[in-house]
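Since each chain sits alone in its own frame, please combine them into the complex, following the hints.
Listed here are the chains, written in short residue letters.
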Amino acid sequence: DAKTTQPPSMDCAEGRAANLPCNHSTISGNEYVYWYRQIHSQGPQYIIHGLKNNETNEMASLIITEDRKSSTLILPHATLRDTAVYYCIVRVAPDSWGKLQFGAGTQVVVTP
Amino acid sequence: EAQVTQNPRYLITVTGKKLTVTCSQNMNHEYMSWYRQDPGLGLRQIYYSMNVEVTDKGDVPEGYKVSRKEKRNFPLILESPSPNQTSLYFCASSPQTGWRGYTFGSGTRLTVV
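Protein chains in written order, with our numbering: chain A, 1 to 112; chain B, 1 to 113.
Hints should not be assumed to be uniformly reliable.
With beta-carbon atoms standing in for the labels, derived distance ranges [unchecked claim]:
1) B:I12 / A:A17: 36 to 44 Å
2) B:E53 / A:E14: 31 to 39 Å
3) A:K52 / B:N26: 44 to 52 Å
4) B:T20 / A:H77: 38 to 46 Å
5) B:K57 / A:S28: 20 to 28 Å
6) B:G40 / A:T26: 19 to 27 Å
7) B:L41 / A:P7: 30 to 38 Å
DMTMM-like cross-link-like pairs, simulated, lysine to aspartate or glutamate; straight-line CA separation at most 20 Å [what the hints assert, rightly or not]:
8) A:K3 / A:D67
9) B:K71 / B:D56
10) B:K71 / B:E30
11) B:K17 / B:D59
12) B:K57 / B:D38
13) B:K57 / B:E30
14) A:K99 / B:D59
15) B:K17 / B:D56
16) A:K69 / A:D82
17) B:K57 / B:E79
18) A:K3 / A:E31
19) B:K69 / B:E53
20) B:K69 / B:D56
21) A:K3 / B:D59
22) A:K99 / B:E53
23) A:K99 / B:E79
24) B:K71 / B:E1
25) A:K99 / B:D38
26) A:K99 / B:E62
27) B:K17 / B:E30
28) A:K99 / B:D56
None of these hints come from the bench; they were simulated from the model.
Just so it is clear, the structure is predicted and the values come from calculations on it, not from any experiment.
Ideal Cβ placement from N, Cα and C applies to all residues, glycine included.
With the rest of the complex left out, here is chain B (with noise of 0.2 Å):
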C-alpha cells in the first residue's frame, strides 16, 4: 500500500531532550515536507526537500533540522525541543511531475513539558 509512514504517533517529553521523529514514504517521491498543525493556526510548513541532499526552509523553521540522506526518509529532528513546539505534526510527499496531491502521514502528536 502506497503510504507515508511516521512514528511515533505520540511522543511526551522533557524540555531539552534532543528528539527525532521520523517520515518514511514507500512511493519513490522526489518532494517531501513538514508541517506543523495548531489551533487557530493552521497548517504551517517547516522544512521541506525537493530531493536527496536538498533541504530548504519553510514558515516556521526555527528550533527544527531536517535530513534527507535517503529518497524515502525525512526525519524531523528537535535538537533542544521547548514547550512552543507542543504540537501535532505532519509529513508529507508527492512526486515531482504527474502531481495529482500530497499523501500525508497519519500524523504525530508532541508533547514538550
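If we strip away everything but chain A, and leave its shape as in the complex, we get (with noise of 0.2 Å):
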C-alpha cells in the first residue's frame, strides 16, 4: 500500500471548515483513499473513502485532485467533539481485505 504524510498537528476555530490534507504521490491506481479518526484513545472511526472523484456523507468532504497525488478532507463546520487524530490511509480497492496502515496522522484540536 501507498505511503501517505500530514502535517502532524493543526488547529481549527469551532464553527469553521477544517481542511485536513494528505499527500499520497506513489499511489496505483487500485488504490483507494480513506480517512479515519481516533477521539482520544477511543476505538478508530470511519469517515470516508474515494478512488478519484470526490466525496460527500454526512460526516465530512473528501476532495482527490486529479493526479490523485493528494488529497484533502474538509470537515465543513467543525465542533469541539471533531478534536481527534485523523488518519489518511491509501489501501486497495474495498472488496479486499487486508489491514488498515496507520500512519501518525494529524493531531486536529478544536478551539472555542
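In C-alpha cells, the structure reads:
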C-alpha cells in the first residue's frame, strides 16, 4: 500500500471548516484513499473513502486531486467533538480484505 | 446497534498470568483483526482472521494467540504476559464485500506488572 504524509498537527476554530491535507504521491491506480479518526484512545472511526471523484457524506467531504497524488478531508463546520487524530490511509479496492496501515496522523484541535 | 464489543476495558495483571481479551461483533462480519497501539509506534496489527477457523499473523504476533471458532467471536490470548505487552488493544471487524470501513471496538487498556 502507498505511503501517506500528513502534517503532525493543526488547529481549527469551532464553527469554521477544517481542511486536512494528505499527500500520497505513490498511489497506484487501484488504491483508494480512506480517512479515519481516533478520539482520545477510543477505537478509530471510519469517516469516508474515495477513488478519484470527490465524495461527501454526513461527516465530511473528500477532495482528491486529478492526479490523485494528494487529497483533502474537509470538516465543514468543526465542533469541539471533532478534536481527534485524523488518519489518511491508502489501500487497495474495498472488496478485498487487508490490514489498515496507520501512520502518525494529524492531531486536530478544535478551539472555542 | 451494530458494534464490536471488547472486554474488559481495563485490566491490570502480573507477569506470566494467562489472560484472555474477548471480542464479539454482531454484524455477521467475516473479517476480524486485533491491533495494539503504543505511543510513538501507532497502531500495529497483531493477528487477523478472514473467517471461521482461518487466522494468520499480522505484524507483531509474538506472545499472542487467537482463535476463531465462531464467526462473531475473536478472542486474544496472552499465555504468559510480559510488561512489554502493556498497551491499548483494539479489535476490528469488517464484511468481506461491500467494504466501507472497519468497525473498531472501544479498546482494552492492559497493564502487565
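Evaluated hints:
no., hint, verdict
1, B:I12 / A:A17: 36 to 44 Å, "holds (43 Å)"
2, B:E53 / A:E14: 31 to 39 Å, "violated (49 Å)"
3, A:K52 / B:N26: 44 to 52 Å, "violated (34 Å)"
4, B:T20 / A:H77: 38 to 46 Å, "holds (43 Å)"
5, B:K57 / A:S28: 20 to 28 Å, "holds (25 Å)"
6, B:G40 / A:T26: 19 to 27 Å, "holds (24 Å)"
7, B:L41 / A:P7: 30 to 38 Å, "violated (20 Å)"
8, A:K3 / A:D67, "holds (16 Å)"
9, B:K71 / B:D56, "holds (15 Å)"
10, B:K71 / B:E30, "holds (7 Å)"
11, B:K17 / B:D59, "violated (24 Å)"
12, B:K57 / B:D38, "holds (19 Å)"
13, B:K57 / B:E30, "holds (16 Å)"
14, A:K99 / B:D59, "holds (10 Å)"
15, B:K17 / B:D56, "violated (24 Å)"
16, A:K69 / A:D82, "violated (26 Å)"
17, B:K57 / B:E79, "holds (16 Å)"
18, A:K3 / A:E31, "holds (11 Å)"
19, B:K69 / B:E53, "holds (6 Å)"
20, B:K69 / B:D56, "holds (14 Å)"
21, A:K3 / B:D59, "holds (17 Å)"
22, A:K99 / B:E53, "holds (18 Å)"
23, A:K99 / B:E79, "violated (24 Å)"
24, B:K71 / B:E1, "holds (18 Å)"
25, A:K99 / B:D38, "holds (17 Å)"
26, A:K99 / B:E62, "holds (17 Å)"
27, B:K17 / B:E30, "violated (31 Å)"
28, A:K99 / B:D56, "holds (12 Å)"
The structure does not agree with the numbered hints 2, 3, 7, 11, 15, 16, 23 and 27 stated previously, though it agrees with the rest.
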